[in-house]
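With this note's numbering applied, the sequence shown covers 1 to 373.
Hints may be right or wrong, so weigh each one.
Claimed, not checked - The following label-pair restraints were derived from C-beta to C-beta distances:
| hint | residue 1 | residue 2 | range |
| --- | --- | --- | --- |
| 1 | H139 | Q258 | 31 to 39 angstroms |
| 2 | H139 | A232 | 23 to 31 angstroms |
| 3 | L174 | S198 | 38 to 46 angstroms |
| 4 | R290 | R250 | 34 to 42 angstroms |
To be verified - Lysine-lysine pairs mimicking DSS-like chemistry, simulated, CA-CA at most 27 angstroms apart:
| hint | residue 1 | residue 2 |
| --- | --- | --- |
| 5 | K277 | K235 |
| 6 | K224 | K235 |
| 7 | K225 | K47 |
| 8 | K235 | K286 |
| 9 | K224 | K292 |
| 10 | K235 | K47 |
| 11 | K225 | K292 |
| 12 | K292 | K373 |
| 13 | K224 | K277 |
| 14 | K47 | K224 |
| 15 | K47 | K277 |
| 16 | K292 | K277 |
| 17 | K277 | K373 |
| 18 | K286 | K373 |
| 19 | K47 | K286 |
| 20 | K235 | K225 |
| 21 | K373 | K47 |
Just so you know, these hints were derived from the structure itself, not from any lab. A quick note: this is a predicted structure, and the numbers were derived from the prediction, not measured. Cβ coordinates follow ideal geometry from the N, Cα and C atoms, glycine included.
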Amino acid sequence: MLSRRGFLTRSGLGLLGTSGLVLGLPGDNPPEELGGEERIPDGSASKGMITARTEDAISRGLAFLQRNRDREGSFGTGGYRGNVAVTALSGMAFMCFGSQPGRGPYGRIIQDSVRFILGKENVLGRNPGFLHNPAASLHGPMYGHGFATLFLSEVYGMVHDRVLREELRAKLRLAINLILTAQRRNGEGAWRYEPGSSDADLSVTICQIMALRSARNAGIGIPKKAVDDCTAYVKACQERREGWFRYMKRGGGGGGVQGFARTAAGVCALNAAGIYKGPEVEEGLKFLARNKPVGRFGRPDLHYFYGHYYAVQAMWTAGGAYWNEWYPAIRDELLDRQSADGSWVDQICSHYGTAMACIILQVPNNYLPILQK
Numbered sequence: 001m002l003s004r005r006g007f008l009t010r011s012g013l014g015l016l017g018t019s020g021l022v023l024g025l026p027g028d029n030p031p032e033e034l035g036g037e038e039r040i041p042d043g044s045a046s047k048g049m050i051t052a053r054t055e056d057a058i059s060r061g062l063a064f065l066q067r068n069r070d071r072e073g074s075f076g077t078g079g080y081r082g083n084v085a086v087t088a089l090s091g092m093a094f095m096c097f098g099s100q101p102g103r104g105p106y107g108r109i110i111q112d113s114v115r116f117i118l119g120k121e122n123v124l125g126r127n128p129g130f131l132h133n134p135a136a137s138l139h140g141p142m143y144g145h146g147f148a149t150l151f152l153s154e155v156y157g158m159v160h161d162r163v164l165r166e167e168l169r170a171k172l173r174l175a176i177n178l179i180l181t182a183q184r185r186n187g188e189g190a191w192r193y194e195p196g197s198s199d200a201d202l203s204v205t206i207c208q209i210m211a212l213r214s215a216r217n218a219g220i221g222i223p224k225k226a227v228d229d230c231t232a233y234v235k236a237c238q239e240r241r242e243g244w245f246r247y248m249k250r251g252g253g254g255g256g257v258q259g260f261a262r263t264a265a266g267v268c269a270l271n272a273a274g275i276y277k278g279p280e281v282e283e284g285l286k287f288l289a290r291n292k293p294v295g296r297f298g299r300p301d302l303h304y305f306y307g308h309y310y311a312v313q314a315m316w317t318a319g320g321a322y323w324n325e326w327y328p329a330i331r332d333e334l335l336d337r338q339s340a341d342g343s344w345v346d347q348i349c350s351h352y353g354t355a356m357a358c359i360i361l362q363v364p365n366n367y368l369p370i371l372q373k
């Protein structure tokens, strides 16, 4: 399978740096310049963690998504039918299996999802680049924009259809510009529910900085100031004594179980900004480790999959004992939680829960570009 980096190099599509923008992020260096302690741990030894039972669960989960997708290429049910975030996450779940747009067993599905999301750019005619389906966004459209932009950045360089590739290139740059413009207009240097929001919160901010990181990995220039401002906001959200992160810089939420999802998002946001070491990351990881999955769960919590989606990425990036203890715990918990039809239940919708679970379980495959080691 040709990696995105290889395709970008061969096609010349990596030359996308915009004048006045920089490609690097704080803490990033060329691989040959990184010291051993600064390297993100290699993930090749982790593939053995995907047991035969796990492979079966993944296959059944992806089959559930495949047979329940909408004909126009979208995912989601109920009020979330056609939601761009659910569609993006579902597309990435299939990418984690190793398929690419138009290639592999799920290539057609991924390509259709790309087309669907591109078709939702600026549908209201007010915000060029805004990836949003007003008929399927019950709360906080910038969540959807962040996930959708991340997905488009992840497939960038993998699309072989010339017409689709050009549309992707143009609309992805508009989507990135919308994120950057929203941040500049924001009074706190981060993001919240709407492109014009004047305040910020961590749960929306993580979606945007991950999209920016993925775009940067694809060769699109990102201003250093955007990363610095986001980093400052995320660090200001942390309760340093215990390591957990607040919902907003000025407060919101506590530690314990209720701080789990926010802390996972906070650590991932710092990682996306190129920060892998330091007290904020270390204390955040320690807090997460104290809340390791234990296999006991009742009614699905609204933030269960959101939190574990980020937690598994934080542990994957940290590597070592963090990863070796975390993945088997969340893997086994998810396996016990799967429904007979292959889905995972969630309050948002079963497509969302299933996509999230399949992404989490497939992290050791090392196929999603933003997680590649």
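Taking the hints in turn, this is what the structure says about them:
no.: 1; hint: H139 x Q258: 31 to 39 angstroms; verdict: 19 angstroms, violated
no.: 2; hint: H139 x A232: 23 to 31 angstroms; verdict: 26 angstroms, holds
no.: 3; hint: L174 x S198: 38 to 46 angstroms; verdict: 22 angstroms, violated
no.: 4; hint: R290 x R250: 34 to 42 angstroms; verdict: 25 angstroms, violated
no.: 5; hint: K277 x K235; verdict: 13 angstroms, holds
no.: 6; hint: K224 x K235; verdict: 17 angstroms, holds
no.: 7; hint: K225 x K47; verdict: 37 angstroms, violated
no.: 8; hint: K235 x K286; verdict: 16 angstroms, holds
no.: 9; hint: K224 x K292; verdict: 34 angstroms, violated
no.: 10; hint: K235 x K47; verdict: 33 angstroms, violated
no.: 11; hint: K225 x K292; verdict: 35 angstroms, violated
no.: 12; hint: K292 x K373; verdict: 23 angstroms, holds
no.: 13; hint: K224 x K277; verdict: 19 angstroms, holds
no.: 14; hint: K47 x K224; verdict: 35 angstroms, violated
no.: 15; hint: K47 x K277; verdict: 25 angstroms, holds
no.: 16; hint: K292 x K277; verdict: 21 angstroms, holds
no.: 17; hint: K277 x K373; verdict: 17 angstroms, holds
no.: 18; hint: K286 x K373; verdict: 22 angstroms, holds
no.: 19; hint: K47 x K286; verdict: 24 angstroms, holds
no.: 20; hint: K235 x K225; verdict: 15 angstroms, holds
no.: 21; hint: K373 x K47; verdict: 12 angstroms, holds
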